[in-house]
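Undergrad: Residue numbers (the numbering used here), protein chains in the order written: chain A, 1 to 295; chain L, 1 to 370.
Rather than coming from a laboratory, the hints here were simulated on the basis of the structure.
Hints are supplied without guarantee of correctness; some may be wrong.
Sample of chain L residues at the chain A side, in silico, Cβ under 7 Å [stated by the list, open to error]:
(1) 139
(2) 143
(3) 301
(4) 304
(5) 325
(6) 340
Even for Gly, the Cβ is constructed at its ideal location relative to N, Cα and C.
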Amino acid sequence: MSTLVLLTMTGLGLGALYFLIASGLSLIFGLMDVLNFAHGALLSIGAYGTWWAASGNLPGAGPGGAGFVLAVLFGTAVGTAAAVLLELAVVRPLYTRPREQVLATVGVGLAVPALLSGIWGPDARTFPGPEALSGTFGLLGAQVPVNRLVLIAAAVVVLVALRLFLGRTRHGLVVRAGVEDRAMVTALGIDVRRAFTLVFAIGGCAAALGGALGGLYFGSVDPRQGTSLLIFAFVVVVTGGMGSVTGAAVASVVIGLVQQFANYYTAAGLGDLAVVVLLAALLLIRPRGLTGRLA
Amino acid sequence: MSTPTTETHERTEGPVTPAPRAGTPRLLRWWPAAVLLLLVVAPFSAVPVPGLLDGPLGSAGSLQLLATCLLFGALATGYDLLLGRTGLLSFGHALYFASGSYATNVFLLEAGLPFALAAVLGLLFGIALALVLGSVSLRVTGIGFSMVTLAFAQAGSILVSRNPGGITGGEEGRAAPAGLLPSWLVGIDHTANLYWIALAYLVLTLSVVAWAVRSPTGRVWEGIKENERRVEVLGLKPYGFKLTAFVVAGALAALGGIVHLLLTGGSTPQTTTSDFTLSLLVMVVLGGSGTRWGPMVGGILYTWADHRLGDLAGSGTVADLPAVLRVPLSQPLFLLGVLFVAVVHLLPGGLARLPSRLRAVAHRKETADQ
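Extracted from the complex, chain A is given alone in its bound form (with noise of 0.2 Å):
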C-alpha cells in the first residue's frame, strides 16, 4: 500500500511538471501552429535563474523561507522575458514561413543549453532548496517527499489560472478563438498576432516555474534536463489534443502515472519507453487528434 502511495503520489508530481511544460506548448502549437522545440530551453532558464538567485547572488534571495520564493519568481520572471525574446526577435520575423518557425526554434534548443553549459559547466548542479521542503510526510502510511506537493500544487494553481483567463478574459477569449480558427479572427479585424506573444508569455511563464520547482523534484539542475523532458511535453500535447489545457493536464496525469507504475513494476525504463511508443499509436490511431479544441 505504502509502496503504490509513494509512486502515486511521485507519478502525479511527474505529471504536475509535465503539465507545466506542456501547457504552453500546446497554446502555443494550438494557436500557432509551432512546435516549439525551445520550450525545454526556456525550462532550463527558469531552473538556473532560480538557481543563480538561490544560491545567494541575487540581494534577498535565498536558499530559505521567503528568500526561496522570491528565487523562483526571480527564475519564472526570466524564462517569462526570454520567452518573450524568443517570440520577438526569432519566431516573428517568420511569420510567413511557418517550417522555418520551428527550424529556428530547434536552434534555440541547441545553443541554449550549450551557452548554459558554457556558463556554467555541463555537470548537475545541486539545487538549494528550503528545510521544508526537502523532508518527507506521512500519507496512508508512506513517507511521501513533500516537492512532489509543491509541483502538484503548482500545477492546479496554473491550471486554474489559465481557465480563468481563457475563460473570462477579453485577450483569453481572442486566444481560444484564434486556437479555433485563426484566419475567422483575423477576418473579424483582431491583430492575432498580439496574442502570439501572450501565449509565449504564458507557455514561458509556466515552463519556467516548472523548471524552478523540478529543481526541488530532481534535487539539482543541469543544461539538458529541459530538452530531456520536452519529449515527454510531446507525449502529453498530443495526447491531451494540441490546443487544449484541459487535456493537457488530464495527459499529464496519465502519462506521470503510467510512466512511474510501469518503470517500478516491469523493467527500469521500459515506462518511458511505455510512453513513446503510446505517442506513435495515438498519433496513428487518430491523426486528426492533432487539430484538437481549446475546452
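Dock chain L against the given chain A, drawing on the hints supplied.
TA: Chain L alone, transformed into the frame defined by chain A:
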C-alpha cells in the same frame, strides 16, 4: 542574339548536363571531378593546412577528421532526400543510422560473422526497419509524421541505453571487435583506407541522390513537396512514393552507420538520440535544403566546426578574452545554434544560395549604375 543559339546547341548535345551560364568557362563545369581527385590523393600529401587542420593533410589525425566530415556530408545529403526533395520532416533519422552501426556490430560480436557478411546483414536490418517503421509513420502527415518518427527514434534510443541482453552496451556503447575486422581497416596506420571508404560513401550517396531525384519517382517527390494534394488529384498515390524516399534515405543512413562503426571503432548511444537527428537537420538547412551540394557542404562545415571550434576554445587566443566573449566562443554548439538561426532568418535556402544571391546583388548594382 548569340545566347539563344548556344543554348539550343547545348540542349541537343546532352539533355542531362545543365547548360552553362553565359560567361562560365566550360572547364569550370568539371570542378566536382577536380575536387574529387584532390580528395582521393589527399592522404599522400603532407601539405600543412594551418588553422583548418591540426597536422599535415596526410596525417592520421587530419584524415580521421576529414573522413568524419565526409561521412556527415554524405549523411546530410541522404537526409535531405526526405527534407528537401520530398518535403518530409523526419525527426527519427538517427535511428536508421544507429541501426546500421549497432546491427553490424552485434552480428560481429554475438554471431562472430565475418565483417562483409555482418555489414550486409546490418544494412538489410536498417532497410527492413526503415520499411516497417516508414510504412507505419507515413500513415500520418505533416507535424504528426515528424512526431511519430521522433517517438520511434526515442523508443530505439531508450532500448539501446537499456541494454537488453547486454547486446548494445548501454550508455557505454560497444567497441567493434578488432580481431574480426579485416586488418587493413584497423589501426591508426590504416586511417587512409577508412578515409577512402568515407569518400566512396559520399560519392555513392551523392550519385544515388542525384540519380533518384532525376528519375520519374524523383519528379513525383518534387510534386509531393510542392503540393501533395495536387499529386493525388493527378491520380498518383503519394504514399508509395514517400515510402520509397524514406527507405532509400534509411538505407543510405544505415550504410553510413556501418562506415561510422569502422571509422570510430564502435557504436555509441549518442548516435541514437534525437539530438543527432537535429544536428543533421541543422547541417542540411545550413548548407541549403533541396540543392545538390548544399547538404554536403553543410555537413562538412558543421562537423569541421564542431571539432575545430572545441580546439580553438582551448587555444591561447580565446582563453585570454574576457568572459563575456570567451564563454560563448568555447561552446561549438552555441555558435552553431546561433549560426543556424541566423541562416534561417537571413539566408533562406542556406549557404548554397549564397553565390546566386551575391550575383543578384552585383547584377542589381550593375543595372543601377547604368
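Undergrad: Each hint needs a verdict: does it hold in this structure or not?
TA: Status of the hints after comparison with the structure:
For residue 139 of chain L, the interface hint holds, the least distance from its beta-carbon to any beta-carbon of chain A being 6 Å, beneath 7 Å. Look at residue 143 of chain L: its Cβ gets to within about 6 Å of chain A, closer than 7 Å, so that hint holds up. This hint is violated: residue 301 of chain L has a C-beta 15 Å from the nearest C-beta of chain A, more than the 7 Å allowed. Hint on residue 304 of chain L is violated. Least Cβ distance to chain A is approximately 17 Å, over the 7 Å limit.
Checking residue 325 of chain L against chain A by beta carbon gives a least distance of about 11 Å; that is not within 7 Å, so the hint is violated. At a threshold of 7 Å, the smallest CB-CB gap from residue 340 of chain L to chain A is about 4 Å, leaving the interface hint in force.
Hint check: violations occur at hints 3, 4 and 5; the rest are consistent with the structure.
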